[in-house]
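Trainee: The chain contents come next:
Number of protein chains: 2
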Amino acid sequence: MEKNLERIKDSSLHDLVVQAENAASWIRDGMTLGLSGFTRAGDAKAVPFALVERAKKEKFKVNIFTGASLGSDLDKVLSEAGIINKRLPFQADATMRKNINAGNHLFVDQHLSHTAEMIRNGVLPQIDFAIVEAVSITADGMIIPTTSVGNSLAFVTHAKNIIVEINVDQSEQLEGLHDLYEPAEQGRRLPIPLTKADDRIGTVGMPVDTDKIRGIVFTKYMDSPSPIVPPDHETEEMAQHLISFLREEVHAGRLSNNLAPLQAGIGSVANAVLHGLIDSEFEDLQVYSEVLQDSVFELIDAGKVNFASACSITLSEEMMKQVYGNLEKYRDKLVLRPQEITNHPEIIRRLGLISINTALEFDIYGNVNSTHVSGTKMMNGIGGSGDFARNAKLAIFVTKSIAKGGNISSIVPFVAHVDHTEHDVDVVVTEQGYADLRGLAPRERAQLIINNCVHPMYKAQLRQYFEEALTRGGQTPHVLEKAFSFHTNLAKNGTMLVEEVKSYV
Amino acid sequence: MEKNLERIKDSSLHDLVVQAENAASWIRDGMTLGLSGFTRAGDAKAVPFALVERAKKEKFKVNIFTGASLGSDLDKVLSEAGIINKRLPFQADATMRKNINAGNHLFVDQHLSHTAEMIRNGVLPQIDFAIVEAVSITADGMIIPTTSVGNSLAFVTHAKNIIVEINVDQSEQLEGLHDLYEPAEQGRRLPIPLTKADDRIGTVGMPVDTDKIRGIVFTKYMDSPSPIVPPDHETEEMAQHLISFLREEVHAGRLSNNLAPLQAGIGSVANAVLHGLIDSEFEDLQVYSEVLQDSVFELIDAGKVNFASACSITLSEEMMKQVYGNLEKYRDKLVLRPQEITNHPEIIRRLGLISINTALEFDIYGNVNSTHVSGTKMMNGIGGSGDFARNAKLAIFVTKSIAKGGNISSIVPFVAHVDHTEHDVDVVVTEQGYADLRGLAPRERAQLIINNCVHPMYKAQLRQYFEEALTRGGQTPHVLEKAFSFHTNLAKNGTMLVEEVKSYV
Ligand SMILES: CC(C)(COP(=O)(O)OP(=O)(O)OC[C@H]1O[C@@H](n2cnc3c(N)ncnc32)[C@H](O)[C@@H]1OP(=O)(O)O)[C@@H](O)C(=O)NCCC(=O)NCCS
Ligand SMILES: CC(C)(COP(=O)(O)OP(=O)(O)OC[C@H]1O[C@@H](n2cnc3c(N)ncnc32)[C@H](O)[C@@H]1OP(=O)(O)O)[C@@H](O)C(=O)NCCC(=O)NCCS
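Going line by line, the protein sequences match chains P and A. If you're matching positions, the first sequence starts at 306 in my numbering and goes up one per residue. If you're matching positions, the second sequence starts at 306 in my numbering and goes up one per residue.
What the hints contain is simulated information worked out from the structure, not anything from laboratory work. Note that the structure is predicted; figures quoted are calculated from it, not measured. Honestly, I wouldn't trust all of these hints.
Note that the list lumps identical chains together, so a pair holds whenever it fits in one copy or between two copies.
[Stated by the list, open to error] Straight-line C-alpha distance at most 30 Å; calculated DSBU-like pairs for lysine-lysine:
no. : residue 1 : residue 2
1   : 787       : 403
2   : 764       : 391
3   : 787       : 391
4   : 638       : 705
5   : 787       : 764
6   : 403       : 362
All chains should be built: construct the whole structure from the sequences, respecting the hints.
Mentor: Next comes the structure, spelled out in structure tokens:
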């Protein structure tokens, strides 16, 4: 690997440069690793790959903590190598998912704003090695992250040892993009002084005790691009419904034409819905989010968004070229912060965000399942959706009304796993329409959701359930023995749809 | 009613004094009322009672918004009078509960920190009349609340009209006890400058536009006392388990001997558990809570607690005499704030609270039901438990392992309503023991909960469920068609207990 010692401005650290294999050899069975990386961006790559190589000849297990999901198939190969004991707080890989659901390794699904707090409080095992990707190390010993910040600041601050991966293919122009701020211990902490999406409150790099740096590795791996899922008919309709809702809010005087800072979750649906704002009347928008996907840059290019704050940038190949090839154009419109700050309840509540996240399913009372397919199998994790939904001014969840060609209704009597309770969900949107649940009692919500959001093929079946439930009474009427009947039908018959009700319509 | 005009220092307001019946006559069908009152303390009483009188001769309905539950049987008589359209955000009355569950009026169960925000944002109907109990009105037009603050500040600030009930039996010594602070609009808001439980950040009364005051009523009704439920064998055991857990945290260096500011929920269990700290080694404790029950004053008297912040004081008759008879003794150890501040995520996270709330039931994966008996019937409401649990340093839930003489297991396969998700629950405690769930994956949590917290009579039955679920796999293994079997057994057989499993043990 080509060394570029100019990227290490503190020359007393030059001696620490090693090969990835060397660095990987320091890691022992039972250790806990804190890796940089947040939804495919800015992950440490060389040392984890070398660790996977080592696993071919050696048996060991480690805990892998990150910001969120890793790119470059790292979660896949780490999982396949059989070296993971515990993984947290988020992943989004098909192979890892399979191993988690088979019980082959443990996964802890956490609110993304909570992990750093738990590390600081000593509740999670101490990080033995923080392994973080960097653009450079400054003369005063700060590590400049690359395309994500994630939990890296908490990892390097509280780890016993640090390994830095300097990625020479990441432009030094990234320096200045980041804003690193770590709250003090709880109980000795001052207010976080951020009051606008574009405020800067910290340093441009991660200040570290350089004595803890055990090794520095040079790399050239680029982030893996996101697959492009172009907007389809349904996502366009969802965007239109969302825009209608926001327009109503403006008419009612509850929002101005530049709305409120926007957060949009990961995944193809949220990206497509955000994209839909390009042709809306809203202007001078700001983004205060977790991940910036393609849509945010399209909105910047269209002159709709004038500032975007996040903890990671996750782009398609095409968009990567455009953004990183023209960084000067975007620099003053972007800031990357620790996920603890992007997702902090204090900030989300203060700024009054509009938060748009994707649900797997929701129920007739407005409870949302973001994580567990049929209540048992982990999809990705709750990510930041809970941090945002609980504290946002507007907690919006979007999903297509059906999945798998109609065999699944995304609206069910009772979600088979609850990630966001009825107390936290303001508005739900499908391609059928939206339901504004704010200030409504459960019985009112059920009516509105069934009328506005459910696919026509499932309306009768859900109405029938609700009517039977009403005969039993209660604040939140249910027929408990049938509450999961949609899910058990799916398991038994391959579809949630019941013939009788279908033919009855 | 005896008038005491000295309690209205701004003499330009003396003309506004009216009888309660007069004031009640201004309220029209379809209006929304914002009443002071939080868990039996500081409720407006005279005008609501006059309104109930009016309902004997007239048909009308109103929305009733409060801080939390009302005392003096107000929720009972309002509900019986049939004049409620919608009630929010919390209640705790048996008659009202029955009417809610029968669908006779609507109830919206909200996080107690959210209501004021929704009023400020214009999401809930505007308050037509704020009706608030007061000790006095100052010369500069501030309303001094009595024994609770609740949502009164948001009500008077955003209401069209205000009616003040001056309670002459409440001591003027209460002036100075309160600290009133209202955050600005979201997006234009500064950090809330509170960094310690005993900080004062606002004014001693509620500054109002006196032009909005339509009437002032003099009253003498005292708050209704809490029933005394003395600690029993089980609650003493729970307190001991909680203390053991906290002691371990001190040993591990994660807490110091004065712990962290404590919050304890309403109800007999939480009160008894807090009481248990009297004989512990912990000292110099602080309370940052929602309601102060008897136990907090016992802890103050015992020299264990040196400061307590809350939005309401709810005491037994005995303790009322002691506290209000010796207010000088307690004054500098107490502050009463709006519930938006006592329950604010920003503050709860900043201070790093230890939060202790009572669950109705929890499941083997750590999801908690605080509100719905058998998933459908409203008990009281989520109250502040979600505000605290999500943001506390330690979110602890306590409950007896069985209820109704053993016919109910408070630990079930799947809670029939989710108020607090697995992501938000750190520690669960029953009289059997505690389970520290922090950093554990669902499969690990289930083992620990079944081993440590479940009553012996239900252990085999829950183990059998978990083992069958494991054969199905998943991150969170379940047998969906049996997930609510405990609840359906109870409905069918009057007990959750299954004979086969019992005899199998
Ligand atoms: C919910 C989530 C999985 C949706 O992802 P997405 O890419 O936007 O949505 P899609 O509609 O393409 O659905 C993804 C898959 O789930 C399936 N699916 C959708 N609804 C389903 C349901 N109710 N039951 C089972 N499967 C469902 C889809 O069919 C699709 O399957 P495929 O991959 O085999 O084609 C994703 O947004 C997520 O993980 N969210 C949780 C984390 C989060 O919200 N973070 C926010 C802050 S970043
Ligand atoms: C959960 C809550 C109802 C418990 O109240 P409590 O007085 O401490 O507890 P108890 O054990 O006496 O239980 C109250 C009743 O529920 C019953 N109960 C307890 N567990 C039950 C269960 N799993 N299923 C059905 N009923 C149950 C009890 O038998 C008792 O019934 P009774 O009144 O007929 O005797 C109460 O704490 C609450 O409303 N909590 C939600 C709000 C909150 O947590 N606020 C916190 C911030 S203030």
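Trainee: Please go over all the hints and tell whether each is borne out by the structure.
Mentor: Structure-based check of all given hints:
With identical chains, the CA atoms of residue 787 and residue 403 are at most 30 Å apart both within one copy (29 Å) and between copies (24 Å). Proximity of residue 764 to residue 391 under the C-alpha cut-off of 30 Å is restricted to the inter-copy arrangement: shortest distance 27 Å between copies versus 42 Å within a copy. In this homomeric assembly, residue 787 and residue 391 come within 30 Å of each other (Cα to Cα) only across copies, at 29 Å, whereas the closest approach inside a single copy is 35 Å. Taking identical chains as interchangeable, the C-alpha atoms of residue 638 and residue 705 are never at most 30 Å apart, the minima being 32 Å within one chain and 54 Å between chains.
In the homo-oligomer, the alpha carbons of residue 787 and residue 764 lie at most 30 Å apart both inside one protomer (16 Å) and across protomers (26 Å), since each shortest distance falls under that limit. For the identical chains of this complex, residue 403 and residue 362 are intra-copy neighbours only, at 24 Å inside a copy versus 67 Å across copies, given an alpha-carbon limit of 30 Å.
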